[in-house]
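A.B. asks: Next come the chains, spelled out residue by residue.
There are 2 protein chains.
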Amino acid sequence: MSLNEEVELLRNIPLFAKIEPSKLKLLAFTSERLIYQDDQVLVHQGDMGDAAFIIIDGTASVTIDTDAGEIEVAIMGKGDVVGEIAILCDVPRTATVKASSKLTVLKITKELFFRLVNEFPQISIEIMRELAARLERTNAQLRGALSRGSGS
Amino acid sequence: MSLNEEVELLRNIPLFAKIEPSKLKLLAFTSERLIYQDDQVLVHQGDMGDAAFIIIDGTASVTIDTDAGEIEVAIMGKGDVVGEIAILCDVPRTATVKASSKLTVLKITKELFFRLVNEFPQISIEIMRELAARLERTNAQLRGALSRGSGS
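Those protein sequences? They're chains A and B, same order as listed.
Just so we're aligned, residue 1 is where the first sequence starts under our numbering, counting upward by one.
Just so we're aligned, residue 1 is where the second sequence starts under our numbering, counting upward by one.
Hints are not guaranteed to be accurate.
One copy or any two copies: either way a pair holds, since identical chains are not told apart in the list.
What the hints assert, rightly or not - DMTMM-like, lysine to aspartate or glutamate: derived pairs with alpha carbons at most 20 Å apart: (1) K23 to E5; (2) K102 to D67; (3) K98 to E136; (4) K18 to D39; (5) K107 to D65; (6) K18 to E119; (7) K110 to E32; (8) K78 to E32; (9) K98 to E119; (10) K102 to E119; (11) K98 to D39; (12) K110 to E136; (13) K23 to E70; (14) K23 to D38; (15) K102 to E20; (16) K18 to E72; (17) K78 to E111; (18) K23 to D90.
In short, the hints are calculated from the structure, not lab data.
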């Protein structure tokens, strides 16, 4: 893939839509692109992690291990960011992320992540929105689980 | 309280620790300070909201309504931000926030919030960290609730 094609691809990711092409070239140069096959694991719940991933193509399944077994809490697709909690909070991975199709991701190291959010407020806002939306969904799941628990 | 005292107070909030005093003066001018008595409600789950709150002094209880009744999910204190999910995601308030002591907060309108995160990357990073930490805690509560649910 040519550099221009890479930049075009990055521009189609909402997170990067407002960043100028010259900066996106730099991003394409400094980040690593990885391809996972269906069912391959990107991150394991409990492991330490120093990178986040932006999905360029394909889908990934996010699961958490409970005493009741593995529960899928989200399906992520193109443009979604996964794995940023561990680099924001210095905690072990809070969930397992597994490719649920052939999956192409951009690997964003911790250092690059903080450079990006420092330089591009728009990226921060999108990530805050995503975290807030995820928190809202998780709260809804928790409300549901607690309500069911009381009824059983 | 003098303006200098206000600025000193804001500097003690981790969210603002790295912002220059001249900018903090502007913040002290443009944001509204509110005082709640113990048990007064700041935001009601389900209401629409267009402001976040930064706790300057005192504590607040965050509760969610479930079929099993009201459940306290967090206690917030000095320096904590509450109510930002509704302005980030344009969704109704996801929880009720109530003063659990005499409580002083800075009311940050949606417009001011986005101005702050655009201008000060450090604020974005702190808010992302807080959202990520809260998501991690909620995930842990969900794991617990789902595990208990399976055992009952």
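A.B. asks: Each of the hints needs a verdict: does it hold here or not?
C.D. replies: Now for the hints, and whether the structure bears them out:
1. In the homo-oligomer, the alpha carbons of K23 and E5 lie at most 20 Å apart inside one protomer (14 Å), although the nearest pairing across protomers, at 42 Å, exceeds that limit.
2. For the homomeric pair K102 and D67, neither the shortest alpha-carbon distance inside one copy (29 Å) nor that between copies (40 Å) is at most 20 Å.
3. In this assembly of identical chains, the alpha carbons of K98 and E136 lie at most 20 Å apart only when taken from different copies (19 Å versus 22 Å within one copy).
4. Proximity of K18 to D39 under the C-alpha cut-off of 20 Å is found in neither arrangement, the shortest distances being 33 Å within a copy and 44 Å between copies.
5. In this assembly of identical chains, the alpha carbons of K107 and D65 never lie at most 20 Å apart, being 24 Å within a copy and 39 Å across copies at closest.
6. Taking the shortest alpha-carbon separations for K18 and E119, both the intra-copy value of 12 Å and the inter-copy value of 16 Å come in at or below 20 Å.
7. Taking CA atoms no more than 20 Å apart as the test, K110 paired with E32 passes inside one copy only; the shortest distance there is 13 Å, against 36 Å between copies.
8. Taking the shortest Cα distances, K78 and E32 sit within 20 Å of each other inside one copy (16 Å), while across copies they are farther apart (40 Å).
9. Proximity of K98 to E119 under the C-alpha cut-off of 20 Å is found in neither arrangement, the shortest distances being 30 Å within a copy and 36 Å between copies.
10. In this assembly of identical chains, the alpha carbons of K102 and E119 never lie at most 20 Å apart, being 31 Å within a copy and 39 Å across copies at closest.
11. Taking CA atoms no more than 20 Å apart as the test, K98 paired with D39 passes inside one copy only; the shortest distance there is 6 Å, against 45 Å between copies.
12. In this assembly of identical chains, the alpha carbons of K110 and E136 lie at most 20 Å apart only when taken from different copies (18 Å versus 25 Å within one copy).
13. When the C-alpha separation of K23 and E70 is checked against a cutoff of 20 Å, the pair qualifies neither within a copy, at 40 Å, nor between copies, at 48 Å.
14. For a Cα distance limit of 20 Å, the shortest separation of K23 from D38 qualifies neither inside one copy, at 31 Å, nor across copies, at 50 Å.
15. With identical chains, the CA atoms of K102 and E20 are never at most 20 Å apart, being 29 Å at best within one copy and 48 Å at best between copies.
16. Taking CA atoms no more than 20 Å apart as the test, K18 paired with E72 passes in neither setting, with 32 Å inside one copy and 39 Å between copies.
17. Within a single copy, K78 and E111 get their C-alpha atoms no closer than 23 Å, and across copies no closer than 29 Å, so neither meets the 20 Å cut-off.
18. With identical chains, the CA atoms of K23 and D90 are never at most 20 Å apart, being 28 Å at best within one copy and 30 Å at best between copies.
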